[in-house]
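2 protein chains.
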Amino acid sequence: MHGKARTGRLLTPHAAIETPVFMPVGTVASVKGVPQDTLEELGAQIILGNTYHLYLRPGVSTVRKLGGLHGFMAWPRAILTDSGGFQVFSLNELRKVNEEGVTFRSHLDGSSHFFSPESAMEAQIGLGADIIMAFDECTEYPADQARMRASMEMTARWAARSKKYFEEHKSEVPWNAASEIPTLAAQSAARMGHPPSLDPPLSGHACQTLFGIVQGGMDRALRKESAERTVEIGFPGYAIGGLSVGEPRELTREIVESTLEHLPVDKPRYLMGVGTPEEIVEYANLGVDMMDCVLPTRAARHGLLFTSEGKVSIKQARYAQDAGPLDPNCGCRVCRRYSRAYLRHLYASNEVLAQVLNTIHNLSFYLDTMRRVRHAISLGVESRFLASLWSRPKT
Amino acid sequence: MHGKARTGRLLTPHAAIETPVFMPVGTVASVKGVPQDTLEELGAQIILGNTYHLYLRPGVSTVRKLGGLHGFMAWPRAILTDSGGFQVFSLNELRKVNEEGVTFRSHLDGSSHFFSPESAMEAQIGLGADIIMAFDECTEYPADQARMRASMEMTARWAARSKKYFEEHKSEVPWNAASEIPTLAAQSAARMGHPPSLDPPLSGHACQTLFGIVQGGMDRALRKESAERTVEIGFPGYAIGGLSVGEPRELTREIVESTLEHLPVDKPRYLMGVGTPEEIVEYANLGVDMMDCVLPTRAARHGLLFTSEGKVSIKQARYAQDAGPLDPNCGCRVCRRYSRAYLRHLYASNEVLAQVLNTIHNLSFYLDTMRRVRHAISLGVESRFLASLWSRPKT
Chain A
1 MHGKARTGRL LTPHAAIETP VFMPVGTVAS VKGVPQDTLE ELGAQIILGN
51 TYHLYLRPGV STVRKLGGLH GFMAWPRAIL TDSGGFQVFS LNELRKVNEE
101 GVTFRSHLDG SSHFFSPESA MEAQIGLGAD IIMAFDECTE YPADQARMRA
151 SMEMTARWAA RSKKYFEEHK SEVPWNAASE IPTLAAQSAA RMGHPPSLDP
201 PLSGHACQTL FGIVQGGMDR ALRKESAERT VEIGFPGYAI GGLSVGEPRE
251 LTREIVESTL EHLPVDKPRY LMGVGTPEEI VEYANLGVDM MDCVLPTRAA
301 RHGLLFTSEG KVSIKQARYA QDAGPLDPNC GCRVCRRYSR AYLRHLYASN
351 EVLAQVLNTI HNLSFYLDTM RRVRHAISLG VESRFLASLW SRPKT
Chain B
1 MHGKARTGRL LTPHAAIETP VFMPVGTVAS VKGVPQDTLE ELGAQIILGN
51 TYHLYLRPGV STVRKLGGLH GFMAWPRAIL TDSGGFQVFS LNELRKVNEE
101 GVTFRSHLDG SSHFFSPESA MEAQIGLGAD IIMAFDECTE YPADQARMRA
151 SMEMTARWAA RSKKYFEEHK SEVPWNAASE IPTLAAQSAA RMGHPPSLDP
201 PLSGHACQTL FGIVQGGMDR ALRKESAERT VEIGFPGYAI GGLSVGEPRE
251 LTREIVESTL EHLPVDKPRY LMGVGTPEEI VEYANLGVDM MDCVLPTRAA
301 RHGLLFTSEG KVSIKQARYA QDAGPLDPNC GCRVCRRYSR AYLRHLYASN
351 EVLAQVLNTI HNLSFYLDTM RRVRHAISLG VESRFLASLW SRPKT
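The listed protein sequences correspond, in order, to chains A and B.
Sequence positions in the first sequence follow the working numbering and run 1 to 395.
Sequence positions in the second sequence follow the working numbering and run 1 to 395.
Bear in mind the hints are in silico, worked out from the structure with no lab data behind them.
For glycine and all other residues, C-beta sits at the position ideal for the given N, C-alpha and C.
Wrong hints could be hidden among the right ones.
[Unchecked claim] Each computed SDA-like pair below joins lysine to any residue, with the alpha-carbon atoms no more than 20 Å apart:
#1 A:K32 - B:R229
#2 A:K32 - B:K267
#3 B:K315 - A:H302
#4 A:K32 - B:H302
#5 A:K32 - B:K32
#6 B:K315 - A:R333
#7 A:K164 - A:D109
#8 A:K32 - B:G380
#9 A:K315 - B:S349
#10 A:K32 - B:A348
#11 A:K315 - B:N350
#12 B:K315 - A:S61
#13 B:K32 - A:K164
#14 B:K315 - A:K315
#15 B:K267 - B:S61
#16 B:K32 - A:R333
#17 B:K32 - A:H302
#18 A:K315 - B:S61
#19 B:K315 - A:S90
#20 B:K315 - A:K164
#21 A:K32 - B:R57
[As the list claims (entries may be wrong)] Which residues of chain A face chain B? A partial, calculated answer using Cβ under 7 Å:
#22 A16
#23 E18
#24 S30
#25 K311
#26 S313
#27 A323
#28 N350
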């Protein structure tokens with residue numbers, strides 16, 4: 001136990017979130033293959049949407065007209081959107097960056113688009129997530145010192161512009177009381193057969209929260225400077241970006257641990273794009289409050305499943321006649337009902353249900369892991385015990 | 001109202017089935033994209049498995065070892081398997097048919113296989129469905145008189161061989177009390193957190209039921225002769241096969257109506273591979289008790305949805321900002337929660353959730369339609385009213 005782990009309660013317009021929290025990724029307003037009621041049942045408190053993808057399809061104005069992401073995808077709990085920066089940098093080889101912003105081509109149809117701190121804020125306000133992110137430049141890895149510094153400094157300038165635009169326009173969020181949207185939201189809630197679980201209640205004065213992002217590449221001093229400059233601008237929460245971009249895991253951990261020292265203790269800290277079950281436990285114990293990662297959902301689609309007994313590659317022939325549950329210690333609806341043999345058959349037969357069930361289990365494993373982490377932290381239990389929740393016992 | 005419609009209760013080892021019933025198709029032990037608990041929630045009483053597909057993958061011995069299809073796919077309600085005949089004929093251009101049986105090539109790997117009435121029974125006994133089908137030859141359309149007669153006569157001889165093999169081996173079903181399998185089934189039931197809903201209870205003496213199949217192409221006299229010869233062999237239920245093979249819909253109806261006249265009133269009648277929502281209502285009113293069709297599930301995967309207001313092609317741009325539910329008169333979990341705009345977005349974005357939600361709705365529509373048909377028949381209501389349940393009101 002590092003003594004830095006903490007639990008908390010993050011209040012957002014659509015939900016109060018128990019932290020540390022893992023946030024499933026719903027790239028284009030869907031956690032791939034999983035219906036929203038199943039996500040609720042799994043205990044997902046907050047999910048991610050990707051501004052880049054949603055901006056391209058179905059477009060911000062469509063989402064706004066349908067009540068923002070909450071109304072559009074019929075998800076009454078909390079949502080966080082990234083700024084689009086990471087996708088622009090990772091999906092676009094032909095991007096052009098200057099002080100003003102980034103010109104990029106759509107990966108869907110090749111059309112040309114431009115994101116600036118201002119337009120990224122405009123998009124995220126239109127999407128209406130509870131938490132939105134400053135527009136940043138994700139520094140590539142590896143990068144030399146000059147490049148890391150220049151990139152970090154631009155991110156700092158963009159952070160200030162993001163905040164300025166947000167403060168001037170935050171009242172324009174689609175679910176704000178002044179708009180006509182609540183009617184649609186109410187329709188949607190009525191269709192669901194129950195009122196949205198608003199905790200605290202969504203008031204007419206509720207608005208989004210904008211988080212700043214720390215960059216600085218793999219240089220501890222630049223990370224410190226980035227943290228200080230971002231904190232100086234002032235945000236209600238801070239993210240650590242630009243990691244999990246190809247660097248060794250030990251380096252990720254080193255940068256995270258040193259960066260955390262420069263972030264205020266009384267504000268939520270969000271580590272972006274991390275990680276394995278082992279890592280989310282580790283980072284929660286370092287004092288990270290929020291994490292997201294495509295790993296549980298993406299790995300599920302490739303038949304890689306996380307269990308209390310270690311990783312299971314369900315495609316293997318050894319499971320073809322295995323009547324046991326995927327994870328005997330898991331209480332999810334997949335492990336309660338189906339055998340490894342059946343899951344292996346679905347995967348081998350390329351059945352869509354394979355993706356659905358595999359994703360449900362992996363998300364259940366991640367969300368359960370984080371639930372146990374919260375419980376253990378609140379009891380002051382050793383982090384080593386937490387890690388043993390998922391890693392195969394050493395014999 | 002034709003006065004021929006009837007309701008009934010079909011007792012099988014795993015469930016008592018209210019008829020007329022629509023049976024969703026679960027080709028390789030999965031109704032594509034839909035978890036089994038959702039099928040239960042939708043009220044599916046009995047589902048289909050395809051012997052041809054399951055024989056090739058995962059193989060009969062694997063399914064048998066895991067407790068038959070019920071244990072393998074964790075489905076406690078009733079199951080029906082076809083004989084494999086239809087797939088052998090529709091998926092294999094290089095098949096060779098003689099009196100003994102059919103040699104065919106796997107569509108998966110090109111390997112050579114042989115199905116006879118005996119081996120098809122052996123496979124179906126190993127799969128352990130509640131209701132299994134005689135091995136028949138599905139006559140192609142169009143076919144000349146000599147071909148239709150020869151094919152019908154071979155089906156009759158194969159029906160007698162199917163019955164003989166079945167009677168000699170029916171005690172070998174995997175869930176029969178004498179085997180070691182109940183242990184696995186019990187494990188599975190325990191994992192599901194509830195005992196299988198056996199109604200009537202699965203007793204040690206329960207066994208499968210073998211249905212005969214009437215062929216005879218599009219010739220009413222041959223259909224009559226086929227029905228009489230099949231009834232003479234004697235089965236506890238009779239299917240009408242060889243329809244929906246490319247003939248005009250009016251011809252299908254004519255053949256069905258005339259064939260039904262030659263089937264015993266006191267035995268269940270199963271019309272194979274039919275049809276649209278309009279048709280399942282129509283045939284139920286003609287006195288058909290059981291139907292199956294890939295249409296609701298296959299159409300769903302192509303974005304074609306059946307609603308009380310007519311067919312909806314959800315891919316159309318007109319739905320891009322449509323905040324209304326898919327079907328305002330449907331109470332399924334899709335229509336209660338999501339907008340047409342969201343379903344359109346999922347389909348346009350090629351998201352797996354599109355297939356999941358579309359399939360759930362279409363199955364709900366079919367199963368609800370059949371539920372209303374049963375109710376209407378029991379009240380003696382006009383069939384025209386039933387048809388109006390799904391077709392767009394004429395204005």
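Against the structure, the hints:
1. A:K32 - B:R229: Judged against 20 Å, a Cα distance of about 52 Å means the pair is violated.
2. A:K32 - B:K267: Given that 20 Å is the threshold and the Cα spacing comes to 46 Å, the pair is violated.
3. B:K315 - A:H302: violated (28 Å)
4. A:K32 - B:H302: holds (18 Å)
5. A:K32 - B:K32: Distance ~16 Å between K32 of chain A and K32 of chain B Cα, so the pair holds.
6. B:K315 - A:R333: violated (31 Å)
7. A:K164 - A:D109: violated (32 Å)
8. A:K32 - B:G380: violated (46 Å)
9. A:K315 - B:S349: Cα-Cα ~27 Å, so violated.
10. A:K32 - B:A348: holds (14 Å)
11. A:K315 - B:N350: violated (24 Å)
12. B:K315 - A:S61: holds (19 Å)
13. B:K32 - A:K164: violated (49 Å)
14. B:K315 - A:K315: violated (33 Å)
15. B:K267 - B:S61: violated (32 Å)
16. B:K32 - A:R333: holds (18 Å)
17. B:K32 - A:H302: holds (18 Å)
18. A:K315 - B:S61: Distance of about 19 Å is within 20 Å: holds.
19. B:K315 - A:S90: violated (29 Å)
20. B:K315 - A:K164: Status violated; Cα separation ~39 Å.
21. A:K32 - B:R57: Roughly 26 Å separates the two Cα atoms, so the pair is violated.
22. A16: violated (23 Å)
23. E18: Hint violated; E18 of chain A Cβ to chain B Cβ min 25 Å, cut 7 Å.
24. S30: holds (5 Å)
25. K311: Hint on K311 of chain A: violated, closest Cβ of chain B at ~21 Å, above 7 Å.
26. S313: This hint is violated: S313 of chain A lies away from chain B, its Cβ roughly 17 Å from the closest one there, beyond 7 Å.
27. A323: It holds, given that the least Cβ distance between A323 of chain A and chain B is near 5 Å, below 7 Å.
28. N350: violated (9 Å)
Of the numbered hints listed earlier, those contradicted by the structure are 1, 2, 3, 6, 7, 8, 9, 11, 13, 14, 15, 19, 20, 21, 22, 23, 25, 26, 28.
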